[in-house]
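Visitor: Here is what each chain is made of, one letter per residue.
Protein chains: 2
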Amino acid sequence: MSNMSKFIDLTHTFTDHMPVYPGDPCSRLYQSAWIKDGGPADHRIESCMHVGTHIDAPVHMIEGAATIDEFPIEKFQARGVLVDARCHTLLQPDILNTQTIHAGDAVLIYTGWDKKFRTDEYFASWPYFSPAFANRLVELGISLVGMDTAGPDIEEPFEAHKILLPSDILIIENLANLDELLEIKDFTFHAYPAKYQADAAPVRAFAEIA
Amino acid sequence: MSNMSKFIDLTHTFTDHMPVYPGDPCSRLYQSAWIKDGGPADHRIESCMHVGTHIDAPVHMIEGAATIDEFPIEKFQARGVLVDARCHTLLQPDILNTQTIHAGDAVLIYTGWDKKFRTDEYFASWPYFSPAFANRLVELGISLVGMDTAGPDIEEPFEAHKILLPSDILIIENLANLDELLEIKDFTFHAYPAKYQADAAPVRAFAEIA
Numbered sequence: 000m001s002n003m004s005k006f007i008d009l010t011h012t013f014t015d016h017m018p019v020y021p022g023d024p025c026s027r028l029y030q031s032a033w034i035k036d037g038g039p040a041d042h043r044i045e046s047c048m049h050v051g052t053h054i055d056a057p058v059h060m061i062e063g064a065a066t067i068d069e070f071p072i073e074k075f076q077a078r079g080v081l082v083d084a085r086c087h088t089l090l091q092p093d094i095l096n097t098q099t100i101h102a103g104d105a106v107l108i109y110t111g112w113d114k115k116f117r118t119d120e121y122f123a124s125w126p127y128f129s130p131a132f133a134n135r136l137v138e139l140g141i142s143l144v145g146m147d148t149a150g151p152d153i154e155e156p157f158e159a160h161k162i163l164l165p166s167d168i169l170i171i172e173n174l175a176n177l178d179e180l181l182e183i184k185d186f187t188f189h190a191y192p193a194k195y196q197a198d199a200a201p202v203r204a205f206a207e208i209a
Numbered sequence: 000m001s002n003m004s005k006f007i008d009l010t011h012t013f014t015d016h017m018p019v020y021p022g023d024p025c026s027r028l029y030q031s032a033w034i035k036d037g038g039p040a041d042h043r044i045e046s047c048m049h050v051g052t053h054i055d056a057p058v059h060m061i062e063g064a065a066t067i068d069e070f071p072i073e074k075f076q077a078r079g080v081l082v083d084a085r086c087h088t089l090l091q092p093d094i095l096n097t098q099t100i101h102a103g104d105a106v107l108i109y110t111g112w113d114k115k116f117r118t119d120e121y122f123a124s125w126p127y128f129s130p131a132f133a134n135r136l137v138e139l140g141i142s143l144v145g146m147d148t149a150g151p152d153i154e155e156p157f158e159a160h161k162i163l164l165p166s167d168i169l170i171i172e173n174l175a176n177l178d179e180l181l182e183i184k185d186f187t188f189h190a191y192p193a194k195y196q197a198d199a200a201p202v203r204a205f206a207e208i209a
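Here the protein sequences come in this chain order: A and B. Quick note: the first sequence uses numbering that gives the first Met the number 0, first residue 0, plus one each step. Quick note: the second sequence uses numbering that gives the first Met the number 0, first residue 0, plus one each step.
Simulated from the structure, these hints should not be mistaken for lab results. This structure is a prediction, so every number in the text was calculated from the model and none was measured. Don't take every hint at face value.
Same chains, same label: a pair holds when it works inside one copy or across any pair of copies.
[Stated by the list, open to error] Keeping only pairs whose Cα atoms sit at most 25 Å apart, straight-line, the calculated PhoX-like set for lysine-lysine is:
{"id": "1", "residue 1": "K74", "residue 2": "K5"}
{"id": "2", "residue 1": "K35", "residue 2": "K161"}
{"id": "3", "residue 1": "K114", "residue 2": "K5"}
{"id": "4", "residue 1": "K184", "residue 2": "K114"}
{"id": "5", "residue 1": "K74", "residue 2": "K161"}
Work out the full structure: start from the sequences and follow the hints.
Guide: Next up, the structure:
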């Protein structure tokens, strides 16, 4: 990375009682040791994986597939392409025509939904992928897809997940601040997960502008 | 980042029942939902922060100081300098003389101790910093210090932590694979934490070789 790069953090801060997907268990991140008691401070997390800004691995939906720790560092960075999906409820492939997308790219779906994060509206509904939209991303051979919503699917059977993940297109959910990329022509997307032997992991996602 | 870069992952894989600092509570990372039950897989973590490869923020030791989420992306990357500290038990400033260290650098202390990770030996003892060594790092104005051991201190009152953290020198503990940097002249060190509002967080640490 160049010292001249500018970075835009695309990650929601993970706080105690993070909003969780409807029906998922409560998420906790709380102080568990205090300096006033004579030692260092510590915090403890008790949370499932699909909370806050995180990345899904294939085994989230496919029995026996790869966990997130099995992917190399190279997998977590790619040329970024922002797709403006405001004013869309069900995403269809035609909105991809506004951009040049290459194999290996990271496609980020901007809806503005992140501004509802930590309100009841966030999980009440959100723009989601049609199967045709997910299939088009597979045809394009992209490497990563991210969105500023709870995910590419709004209900079971999670069809978009099941189209994307078998092609090792990893999914970054609950991104923040994609609006800051609207005027940016060239950027690299980075999303580095904790190296958890798990079906998903919290991720530090950011854009690097040359 | 250039597509020509090579990456060396410096992060231990986080598994269930990770080794913890003596006296710390048990760490769990386990499957909590199964595809065979009709929905997606999920995992759950129940762990304190100072487990596996992680980064300490100033509030770990200083009441009211910054949590890890308060630092910008720029803080988590720097020119890397590897210091070969094999055959040393108590680190003194003279071993820094073998390297040219600039303000803003990330200094990585290589001891080879990571090969003992997941054995009883790892936490039985380890090479640690003298106060003079920690003070020299502060004088040099470095930004990050990392080590392939449990940390810069071996016992209370955690003197090296208390010298480093007030200068915003963040500490990356339990690194892996530093031996792979021995023959590398120029590299950038990266260590991106989960954006936890906490005194520390799991980090994805790696070296980028131009």
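Visitor: State for each hint whether it applies.
Guide: Here's how the hints hold up against the structure:
1. Taking CA atoms no more than 25 Å apart as the test, K74 paired with K5 passes in both settings, with 21 Å inside one copy and 12 Å between copies.
2. Taking the shortest alpha-carbon separations for K35 and K161, only the inter-copy value of 15 Å comes in at or below 25 Å, while the best intra-copy value is 50 Å.
3. Taking the shortest alpha-carbon separations for K114 and K5, only the intra-copy value of 23 Å comes in at or below 25 Å, while the best inter-copy value is 37 Å.
4. Proximity of K184 to K114 under the C-alpha cut-off of 25 Å is restricted to the intra-copy arrangement: shortest distance 23 Å within a copy versus 44 Å between copies.
5. For a Cα distance limit of 25 Å, the shortest separation of K74 from K161 inside one copy, 19 Å, qualifies, whereas the shortest one across copies, 37 Å, does not.
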